[in-house]
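2 protein chains.
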Amino acid sequence: MSKKEIDISVPSGFRDYLPEDMIPRQWMLDTIRGVFEKFGFQPLDTSGIEREEVLTGGDPDFDKQIFRSYTKDRPYGLALRFDLTVPLARVVSLYPGDIQKPFKRYQMGKVWRGEKPQAGRFCEFMQFDADIIGSSRLTSDAEIVSVIYETMTALGVGKFLIRVNNRKILNGLANFAGYDRSKSENVMRVLDKLDKLDWTAVSKELAESVGLTQDQIERLKTFIDSQSDNQLDTVARIEELMVDSPDAKEGIQELKRLVYLVDALGVPRDFWSIDLSVARGLGYYTGIVFETVLPDLLSIGSVFSGGRYDNLVQSLGGEQIPATGASVGVDRLFAALSQLRLLPEKKTQTEVVVLNFDPDAEIYNSQVATTLRQNGFCTELYLGREQTIKGQLTYALKQGVPVVVISGGNERGRNVVQVKDLRSRTQVEVPVSKVVEAVRDFL
Amino acid sequence: MSKKEIDISVPSGFRDYLPEDMIPRQWMLDTIRGVFEKFGFQPLDTSGIEREEVLTGGDPDFDKQIFRSYTKDRPYGLALRFDLTVPLARVVSLYPGDIQKPFKRYQMGKVWRGEKPQAGRFCEFMQFDADIIGSSRLTSDAEIVSVIYETMTALGVGKFLIRVNNRKILNGLANFAGYDRSKSENVMRVLDKLDKLDWTAVSKELAESVGLTQDQIERLKTFIDSQSDNQLDTVARIEELMVDSPDAKEGIQELKRLVYLVDALGVPRDFWSIDLSVARGLGYYTGIVFETVLPDLLSIGSVFSGGRYDNLVQSLGGEQIPATGASVGVDRLFAALSQLRLLPEKKTQTEVVVLNFDPDAEIYNSQVATTLRQNGFCTELYLGREQTIKGQLTYALKQGVPVVVISGGNERGRNVVQVKDLRSRTQVEVPVSKVVEAVRDFL
Numbered sequence: 001m002s003k004k005e006i007d008i009s010v011p012s013g014f015r016d017y018l019p020e021d022m023i024p025r026q027w028m029l030d031t032i033r034g035v036f037e038k039f040g041f042q043p044l045d046t047s048g049i050e051r052e053e054v055l056t057g058g059d060p061d062f063d064k065q066i067f068r069s070y071t072k073d074r075p076y077g078l079a080l081r082f083d084l085t086v087p088l089a090r091v092v093s094l095y096p097g098d099i100q101k102p103f104k105r106y107q108m109g110k111v112w113r114g115e116k117p118q119a120g121r122f123c124e125f126m127q128f129d130a131d132i133i134g135s136s137r138l139t140s141d142a143e144i145v146s147v148i149y150e151t152m153t154a155l156g157v158g159k160f161l162i163r164v165n166n167r168k169i170l171n172g173l174a175n176f177a178g179y180d181r182s183k184s185e186n187v188m189r190v191l192d193k194l195d196k197l198d199w200t201a202v203s204k205e206l207a208e209s210v211g212l213t214q215d216q217i218e219r220l221k222t223f224i225d226s227q228s229d230n231q232l233d234t235v236a237r238i239e240e241l242m243v244d245s246p247d248a249k250e251g252i253q254e255l256k257r258l259v260y261l262v263d264a265l266g267v268p269r270d271f272w273s274i275d276l277s278v279a280r281g282l283g284y285y286t287g288i289v290f291e292t293v294l295p296d297l298l299s300i301g302s303v304f305s306g307g308r309y310d311n312l313v314q315s316l317g318g319e320q321i322p323a324t325g326a327s328v329g330v331d332r333l334f335a336a337l338s339q340l341r342l343l344p345e346k347k348t349q350t351e352v353v354v355l356n357f358d359p360d361a362e363i364y365n366s367q368v369a370t371t372l373r374q375n376g377f378c379t380e381l382y383l384g385r386e387q388t389i390k391g392q393l394t395y396a397l398k399q400g401v402p403v404v405v406i407s408g409g410n411e412r413g414r415n416v417v418q419v420k421d422l423r424s425r426t427q428v429e430v431p432v433s434k435v436v437e438a439v440r441d442f443l
Numbered sequence: 444m445s446k447k448e449i450d451i452s453v454p455s456g457f458r459d460y461l462p463e464d465m466i467p468r469q470w471m472l473d474t475i476r477g478v479f480e481k482f483g484f485q486p487l488d489t490s491g492i493e494r495e496e497v498l499t500g501g502d503p504d505f506d507k508q509i510f511r512s513y514t515k516d517r518p519y520g521l522a523l524r525f526d527l528t529v530p531l532a533r534v535v536s537l538y539p540g541d542i543q544k545p546f547k548r549y550q551m552g553k554v555w556r557g558e559k560p561q562a563g564r565f566c567e568f569m570q571f572d573a574d575i576i577g578s579s580r581l582t583s584d585a586e587i588v589s590v591i592y593e594t595m596t597a598l599g600v601g602k603f604l605i606r607v608n609n610r611k612i613l614n615g616l617a618n619f620a621g622y623d624r625s626k627s628e629n630v631m632r633v634l635d636k637l638d639k640l641d642w643t644a645v646s647k648e649l650a651e652s653v654g655l656t657q658d659q660i661e662r663l664k665t666f667i668d669s670q671s672d673n674q675l676d677t678v679a680r681i682e683e684l685m686v687d688s689p690d691a692k693e694g695i696q697e698l699k700r701l702v703y704l705v706d707a708l709g710v711p712r713d714f715w716s717i718d719l720s721v722a723r724g725l726g727y728y729t730g731i732v733f734e735t736v737l738p739d740l741l742s743i744g745s746v747f748s749g750g751r752y753d754n755l756v757q758s759l760g761g762e763q764i765p766a767t768g769a770s771v772g773v774d775r776l777f778a779a780l781s782q783l784r785l786l787p788e789k790k791t792q793t794e795v796v797v798l799n800f801d802p803d804a805e806i807y808n809s810q811v812a813t814t815l816r817q818n819g820f821c822t823e824l825y826l827g828r829e830q831t832i833k834g835q836l837t838y839a840l841k842q843g844v845p846v847v848v849i850s851g852g853n854e855r856g857r858n859v860v861q862v863k864d865l866r867s868r869t870q871v872e873v874p875v876s877k878v879v880e881a882v883r884d885f886l
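Here the protein sequences line up with chains A and B, keeping their order. Using our numbering, the letters of the first sequence correspond one by one to residues 1 to 443. Using our numbering, the letters of the second sequence correspond one by one to residues 444 to 886.
Source of the hints: derived by calculation from the structure; they are not laboratory data. Heads up, a few of these hints could be off.
Straight-line Cα separation of at most 27 Å, DSSO-like style, residue types lysine-lysine; simulated pairs [unchecked claim]:
{"id": "1", "chain 1": "A", "residue 1": "K390", "chain 2": "A", "residue 2": "K159"}
{"id": "2", "chain 1": "B", "residue 1": "K553", "chain 2": "A", "residue 2": "K347"}
{"id": "3", "chain 1": "A", "residue 1": "K204", "chain 2": "A", "residue 2": "K193"}
{"id": "4", "chain 1": "A", "residue 1": "K110", "chain 2": "B", "residue 2": "K559"}
{"id": "5", "chain 1": "B", "residue 1": "K636", "chain 2": "B", "residue 2": "K699"}
{"id": "6", "chain 1": "B", "residue 1": "K553", "chain 2": "A", "residue 2": "K116"}
{"id": "7", "chain 1": "B", "residue 1": "K515", "chain 2": "A", "residue 2": "K116"}
{"id": "8", "chain 1": "A", "residue 1": "K346", "chain 2": "A", "residue 2": "K110"}
{"id": "9", "chain 1": "B", "residue 1": "K602", "chain 2": "A", "residue 2": "K110"}
{"id": "10", "chain 1": "B", "residue 1": "K559", "chain 2": "A", "residue 2": "K72"}
{"id": "11", "chain 1": "B", "residue 1": "K699", "chain 2": "B", "residue 2": "K602"}
{"id": "12", "chain 1": "B", "residue 1": "K841", "chain 2": "A", "residue 2": "K390"}
{"id": "13", "chain 1": "B", "residue 1": "K515", "chain 2": "A", "residue 2": "K110"}
{"id": "14", "chain 1": "A", "residue 1": "K420", "chain 2": "B", "residue 2": "K647"}
{"id": "15", "chain 1": "B", "residue 1": "K841", "chain 2": "A", "residue 2": "K347"}
{"id": "16", "chain 1": "B", "residue 1": "K559", "chain 2": "B", "residue 2": "K544"}
{"id": "17", "chain 1": "B", "residue 1": "K790", "chain 2": "B", "residue 2": "K841"}
{"id": "18", "chain 1": "B", "residue 1": "K647", "chain 2": "A", "residue 2": "K398"}
{"id": "19", "chain 1": "B", "residue 1": "K790", "chain 2": "A", "residue 2": "K101"}
{"id": "20", "chain 1": "A", "residue 1": "K346", "chain 2": "B", "residue 2": "K544"}
{"id": "21", "chain 1": "B", "residue 1": "K626", "chain 2": "B", "residue 2": "K692"}
{"id": "22", "chain 1": "B", "residue 1": "K553", "chain 2": "A", "residue 2": "K72"}
{"id": "23", "chain 1": "B", "residue 1": "K515", "chain 2": "A", "residue 2": "K72"}
{"id": "24", "chain 1": "A", "residue 1": "K221", "chain 2": "A", "residue 2": "K249"}
Based on the provided sequences and hints, a complete structural model is requested.
Dropping the structure here:
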């Protein structure tokens, strides 16, 4: 293949982030990290490549949407992680002596899934997770609700709703509605669609693809209808309704206590609800589950979701360790913040461009740039092809940099610089020893 | 395979970073990022998976140390990036309209190489690069020297040396020493070992494996011996020596001008040297090259290196675009900072643990934790299994958290809290409304 024929496009399902996207993206990630650290979560990083058996749980029929990786010397057995939860469970099992429990950790990183590329679906994306390992206390679940609330608030999102449910109640539904427990997973999967489909569509699917009777579907409807905007009302109604279901009973008591804990952790009741249709797809959840939606952008789905998963660590061959946590859908959240115009609209972090149009003043301008940097200003010394003041000013304007310093041999000879604010178009001449003050005045 | 048999170790050549390592590591990465931004470098992120042909340059015989990746649906053509320079060259060619030049970008990210795992060699590691694309000015190379100096200084490294050379001079060596230019790459590769081997060993290798005559080797020795601690002396000597070599002449003029530019950019002459043996392994360098060593840890090799590569973008089918840049060896640098005891010795970022031993005070303690968080303190509400004050205090001590808040039902009843400094063992009782002030006094 000749070099001219190389296809330099990014492969379908993959993406690049140019600075214009990266600057607000980094602001978002830094903000999330700040909130997580305020809650006492500690950073973790794990290998991007895992043993395939760790990812598949040793199941040879495991979901094929995994990226396997190999070199000529190591042809088998390695694959790219598809989430950050399985690696966390592995780490907890692998280093029991180094990890004190409860282990509150956060991790940010890329994960890979062999999805069919389509609009909004990518094969490589970033996750940002916060989990509490080794705590069975309900307060841990309440803390996750609180960390979601504080994160969304720190990002400036004014309207969002954290929908909370308990898998134990959903497990009790079989008993309550009178269908076989083997159908539970399928029933949950269908009920979970209630944020997108109406009851007619859902009940049709419950009958046709799950095989429930009309009577059973009616019971489910009564259950779903118990929901109200008031968390304690919802709890009271399902408590009465499901009095004969022991599984559900425990779940209902947890939800009731959760209301007071979430209050104590400073989350206003308007920002969360008990939503009896929320199931979260993943099979490993065992208790409280949550997801976060933006009422103005419902179609985007949940941007921050998770739940309690008390059996996952054990399934990797470790001991039984309770766990709860949530994951930010970084790309979804970024898309949402962008649509809501909540991202800082900075094309650059650079505050000053020192023009550099006169070879006789290049040393002089280098010194000026260094002085500004040493005083904390993000400073670019112009290094491109444009030879004229005008061409270099155009560059600074296009970059969105607010201030420029303009000096040629003339200024150098007199030991002065011109400092110009590109927004107000004000320009001052100051002694070079005063350049820091002059730039500071404009910023 | 039964679940009990899953091998949960991290694959050989790969690593996890627990919080104890991640906290100083993040401090290091944040510091580097801060310096890069001060120089006007902008963030970029690119896909971890690339088209294989982009990585290999379409060469079917390309180095086999590449991790290919596939799913059942996409069996061929994808591979993991092995550095951040090739993706940068791709991005510059792919989005010419979106990228204004000069393009100063930084990028931090994992890269993968199928190295044979051995001590200190890993298959997955992090790089942190700063490059200037689209500038042929020598000032750009000087800026890279300056960004290396400022980075090392910001990290608190007191002793380091940036070794600088010019590939153009090395290219002129063939002419000067009288060997065929086809031997140039091999000669450079051997001379590059002078930081590890003495002249006897190097001259032996030049004779035996490169096939130079004794006369040619003598000429090389004269060249290497021209080097002095004083940058301008070195330049003057090789200028005289290589007067008949046009390639070298251009390179020497560049080095001479570089001395004054690097001065202007605030780099003291003690922190860099002209080192005529530096070649840098990569074939794509075309001009100034640099590497950074720590005199107290020479064996660790270069921690921050790079050079000018004016032809790389073109080799990917783009136009000819000049470029220069350098890459931090993140893991090497981290190991060096660790050995030099320059890393912050914090096991945790958490400042306060709110004990949580009395179920009757759990709501009360949740409120206290929330107040502390809202006032900016990194606060952990104790969520583990220990039920006693003593057990929870031991946890806080082991974590290295300086302050704890201790409240049970008794304190709740009187609306007070106990605040204790675990270092001085001082404890005060304050009204709950004064908890923020009390914690602040101890921190």
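Output the numbers, in ascending order, of every earlier hint that fails for this structure. 1, 9, 12, 14, 15, 16 and 18
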